[in-house]
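What follows is each chain in one-letter form.
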Amino acid sequence: MSVPVNNRIVFGEAEELMEGRKRSQLKSKLGQGIYISEIHETQDGDFVINFGNSTPKDVSDSRDKDRVLQFIDVEDIYSVTASKQDGNYVLELPSREELHRGYIERQKQILDQLDYTTATLIYENIFEFSSVENQMTPIIEIVKWTQEDGSKPITEIEAQQNSDKTRLYISTLSDLGFLNVTDGTIYPGEKMQSADLHPADRTKEDYQKELIGQVIKDGYYVLRDKLSMSMLDQYPQLCNSYYYTALQRNDPNLELDIDRIQDNYREQYNKKKGRNKINDKMDRLARADVVHKDGEYVSSKQTMWNDLVSESATASI
Amino acid sequence: MTITTEDVETYEAKIDGFATQPEEDQCLTTATKNVLDEISGRRDVDFQFSISDLNDLCDYRPETGQDSILLQENLNSELEDYGYEMKLSRGLNEEDLRAIVKDDRRSYPIASVSPRYFDEVENSYKPRRGSSGDYQLQHVLIVFAVNSEKVLYYDTFHDIFERRQNVEVEREMSDNLFYQLWSETGNEVLWVQKEGQRTLSSPEFEG
Chain A
9 MSVPVNNRIV
19 FGEAEELMEG
29 RKRSQLKSKL
39 GQGIYISEIH
49 ETQDGDFVIN
59 FGNSTPKDVS
69 DSRDKDRVLQ
79 FIDVEDIYSV
89 TASKQDGNYV
99 LELPSREELH
109 RGYIERQKQI
119 LDQLDYTTAT
129 LIYENIFEFS
139 SVENQMTPII
149 EIVKWTQEDG
159 SKPITEIEAQ
169 QNSDKTRLYI
179 STLSDLGFLN
189 VTDGTIYPGE
199 KMQSADLHPA
209 DRTKEDYQKE
219 LIGQVIKDGY
229 YVLRDKLSMS
239 MLDQYPQLCN
249 SYYYTALQRN
259 DPNLELDIDR
269 IQDNYREQYN
279 KKKGRNKIND
289 KMDRLARADV
299 VHKDGEYVSS
309 KQTMWNDLVS
319 ESATASI
Chain B
1199 MTITTEDVET
1209 YEAKIDGFAT
1219 QPEEDQCLTT
1229 ATKNVLDEIS
1239 GRRDVDFQFS
1249 ISDLNDLCDY
1259 RPETGQDSIL
1269 LQENLNSELE
1279 DYGYEMKLSR
1289 GLNEEDLRAI
1299 VKDDRRSYPI
1309 ASVSPRYFDE
1319 VENSYKPRRG
1329 SSGDYQLQHV
1339 LIVFAVNSEK
1349 VLYYDTFHDI
1359 FERRQNVEVE
1369 REMSDNLFYQ
1379 LWSETGNEVL
1389 WVQKEGQRTL
1399 SSPEFEG
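Top to bottom, those sequences are chains A and B. Numbered per our numbering, the first sequence finishes at 325, counting up by one with no gaps. Numbered per our numbering, the second sequence finishes at 1405, counting up by one with no gaps.
Misleading hints may appear alongside valid ones.
Unchecked claim - FRET-style restraints, in silico, Cβ to Cβ: (1) S238(A) / R1303(B): 42 to 50 angstroms; (2) D1373(B) / G28(A): 16 to 24 angstroms; (3) D1332(B) / S139(A): 38 to 46 angstroms; (4) D1251(B) / D72(A): 32 to 40 angstroms; (5) G28(A) / P1220(B): 27 to 35 angstroms.
Unchecked claim - Far from chain A by the CB rule (all over 10 angstroms, computed), these chain B residues: (6) D1265; (7) D1301; (8) S1372.
Unchecked claim - Restricting the straight-line Cα-Cα distance to at most 25 angstroms, the calculated cross-link-like pairs of lysine to any residue (SDA-like) are: (9) K280(A) / H1356(B); (10) K73(A) / K1348(B); (11) K280(A) / E1210(B); (12) K30(A) / D1332(B); (13) K1348(B) / R29(A).
Everything labelled a hint here was simulated from the structure, so no lab data went into it. A quick note: this is a predicted structure, and the numbers were derived from the prediction, not measured. Virtual Cβ for every residue (Gly too), placed ideally from N, Cα, C.
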């Protein structure tokens, strides 16, 4: 029997699509890892079919070489509705391009969410890395000066920072609720005065550090994408070139060597970084207690692992 | 009747020259590359297809696998010049599979197997289910011998682990288990052959 090449599958019961020949037919046309993640019937009697994608990934431990092949399932990459025609349901198959695009978008969402979580978790650990501090300095100054002086004319901040981005930083902090702007003067916003952030027994430095941490948490995407603060991305991405695989394998003791971390960085983020650079940055992250490193081998830091697992519980990693 | 020493010797000689799988989701094109190279050497035709060429022919997109129907359609346009063709059929039986293996003018067959195959490979590598709770990937195996007790096959995943060191890999399974896993895909098979061959035993087989 030759295989039909048209783009529709006819079925009587929804379960038929989940197994046997019809499932195989679907995979031959759409890709071997494409599967139906959910089917539900609408009030009109149609079926809404959600597709997922499963891809194998070598997540072997670099030291033990234990040959573990983890399947990574990403659900809800695309959905179609199958309607009844002449007594049977007709599923018009999406194109591979549509499914691939849906998969890439979902995958990006998952990684983005993980990077965001990581950025908020590691901020205090990497705050004093000079590259991070340098990029965050204008934001830190605005927050610090406003908090110390109670109010500040925008022109004064502009003059001191000598940057054409000062107004952009101020309007962002204002939009995020950290500043109020009235008649060209900035005042502490609601969040800056929050009791949670400002207990009496905290030092000024700790308060400011935590306040900046809160700014990152509430404004990560704006700071990263609209203010081009690439450092917010870089260290979380390096971190997750290890942790993403460890989470997928659900193994905090997984050890990955620098070569594997370099591969992951390239594959996950489509970015290249030299092996020595990656090694140096992993050393810094290890000194900052974000990862554990033993020579070439990187593994989890238990507190970081616990926080990531609890924060990522709903992220379908 | 079990797999013979001769079967195993042939298997070992053949897989020694097989290409390794460059990415985890390129089993179909890696298997195709290997059967094309094998028949090319045996039949003295000069197929020159890299895995990358085959990926282009099947619209490979990283991590969303490969399209066997498109691979067959597009590869046939290329094989035509050589007087060869790729066949993709469902509904074959084991007698057909045996006939393909034994026919010198045909490549070794690439059989699709149900995702449940991964429950059976613990001795070779350690697959782990994804968040859906089941294996979802339909894998392919190159079949070298089929008899009433055993099937001798090559699993391209054996070569994806970069640091493998002389690990004994699974290469045989019982005929019944293979038949079950293969049947769950509708007995789907791909192979390459001289154009125009139409004689296999199954009544469903159209060549």
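Verification of the supplied hints:
{"no.": "1", "hint": "S238(A) / R1303(B): 42 to 50 angstroms", "verdict": "59 angstroms, violated"}
{"no.": "2", "hint": "D1373(B) / G28(A): 16 to 24 angstroms", "verdict": "20 angstroms, holds"}
{"no.": "3", "hint": "D1332(B) / S139(A): 38 to 46 angstroms", "verdict": "44 angstroms, holds"}
{"no.": "4", "hint": "D1251(B) / D72(A): 32 to 40 angstroms", "verdict": "36 angstroms, holds"}
{"no.": "5", "hint": "G28(A) / P1220(B): 27 to 35 angstroms", "verdict": "31 angstroms, holds"}
{"no.": "6", "hint": "D1265", "verdict": "6 angstroms, violated"}
{"no.": "7", "hint": "D1301", "verdict": "19 angstroms, holds"}
{"no.": "8", "hint": "S1372", "verdict": "21 angstroms, holds"}
{"no.": "9", "hint": "K280(A) / H1356(B)", "verdict": "28 angstroms, violated"}
{"no.": "10", "hint": "K73(A) / K1348(B)", "verdict": "30 angstroms, violated"}
{"no.": "11", "hint": "K280(A) / E1210(B)", "verdict": "39 angstroms, violated"}
{"no.": "12", "hint": "K30(A) / D1332(B)", "verdict": "17 angstroms, holds"}
{"no.": "13", "hint": "K1348(B) / R29(A)", "verdict": "24 angstroms, holds"}
Hint check: violations occur at hints 1, 6, 9, 10, 11; the rest are consistent with the structure.
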